[in-house]
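With the hints as constraints, model all of the structure from the sequences given.
Each residue of the sequence shown is one higher than the one before, starting from 57 at the first, in our numbering.
It is worth saying that the hints were derived from the structure and are not from the lab. Only true hints are included.
The calculated lysine-lysine pairs, modelled on BS3-like cross-linking and capped at a C-alpha distance of 27 Å, are:
#1 Lys97 to Lys279
#2 Lys200 to Lys168
#3 Lys168 to Lys196
#4 Lys63 to Lys358
#5 Lys254 to Lys175
Simulated restraints, written as ranges between beta carbons of each label pair:
#6 Asn204 to Glu400: 47 to 53 Å
#7 Leu307 to Ile402: 34 to 40 Å
#8 Lys196 to Lys74: 38 to 44 Å
#9 Arg85 to Leu303: 16 to 22 Å
#10 Leu303 to Gln104: 16 to 22 Å
#11 Asn73 to Glu159: 43 to 49 Å
#12 Lys260 to Thr285: 20 to 26 Å
#13 Tyr267 to Lys326: 47 to 53 Å
#14 Lys175 to Asn406: 52 to 58 Å
#15 Leu303 to Ile394: 24 to 30 Å
#16 Tyr311 to Thr205: 24 to 30 Å
#17 Ser125 to Thr285: 23 to 29 Å
#18 Ile402 to Asp165: 33 to 39 Å
Here a beta-carbon is modelled for each residue, glycine too, at the ideal position from N, C-alpha and C.
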Amino acid sequence: MMVGPTKIPRRVLDAMNKQAISHRSEEYRQVQERVTSNMKKIFGTNNQVLVLTSSGTGAMESVIQNCFSPNDEVVVPVVGNFSRLYAEIAEIYGLNVKRINFENGETADIEKVMANVNKNTKGVLLVHNESSTGVFNDVKGFGKALKNTNAILIVDSVSGAGGLEMRMDKWNVDVVLTSSQKALMSPPGLAFVSLSEKAWERVKYSAYPKYYFDFKRASEFNKKNETLTTPSTHVLFAVDEALKMILEEGLDNVYQRHIDNTRLLIEGVKRLGYRLLAKDERFASPSLTAIRAPGYANYMVKELKERNVIVNPGIGELKNDVFRVGVMGYVSKDDILIFLSALEEIEMPNFVESS
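Shown next as structure tokens:
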């Protein structure tokens, strides 16, 4: 029940059990065409989906390289470690970054963010699902607020896509990115990016040098179902099979399963006396839950591991105070019940009563 990389289904593992093929072959092109077509359904878009051989962080950086130029102004709502990371990457590239900081466990307040958006703002970099704190942001609300502005809305959905609803076109999102190892139930190694027409206009004028992550080149290769450079073919085989599983279950059913499993988990941990990091449960993530354990996070992770339940401690400033339980991807109701049973066996630390 890690928050990523996540558990890989047997069908997905079996799909990788084959010899390598040429990434310029017809066999490969058929796989990429299926994957990108199905990723359009995950993203909720008619725009093309680019395939990048990288982590999600690589995709985040690639969007900055392609959609901006030095000194462009961007706004970043910081709600945890990964939104903070996006701000740091933007600063490394010489963008003029406005950080709008929120407390750990808070979701980004749209009005507060929009108060910092003006005619010079070129983009808003938003994390869909902040896996360090277990909260999600209102992507639809941000899309509505930014629709008639000069800014493009860029959404990092690494721990969201495939587990949380995403309607890129309907919600006026300009860029969506994700990677293979979270709710897509596959090994690390691939990232996927989709851009709106508004974002593609920015790509035309970006002044940053690039080759490996050049979206214009990647788009031309994508039109013939290939990638610019050698891709991670076996991870693509995995994603191909994982997407088949997701669509066989039905996207709405997958979203509801994540919601139901999270509700069961939250009710269980609260019943045992634990509290969430999320300050407003309406924005508690449906793909992972961050549970408060001030000073005892590593103890909880160790005790759960001894009971064959693998979860993650917090990261950054929360590493000692929060443990995180993933329900994204191939996680069932039975997994939740096993986790809760293991948690109940652990002697309740002093923090529970005082937190």
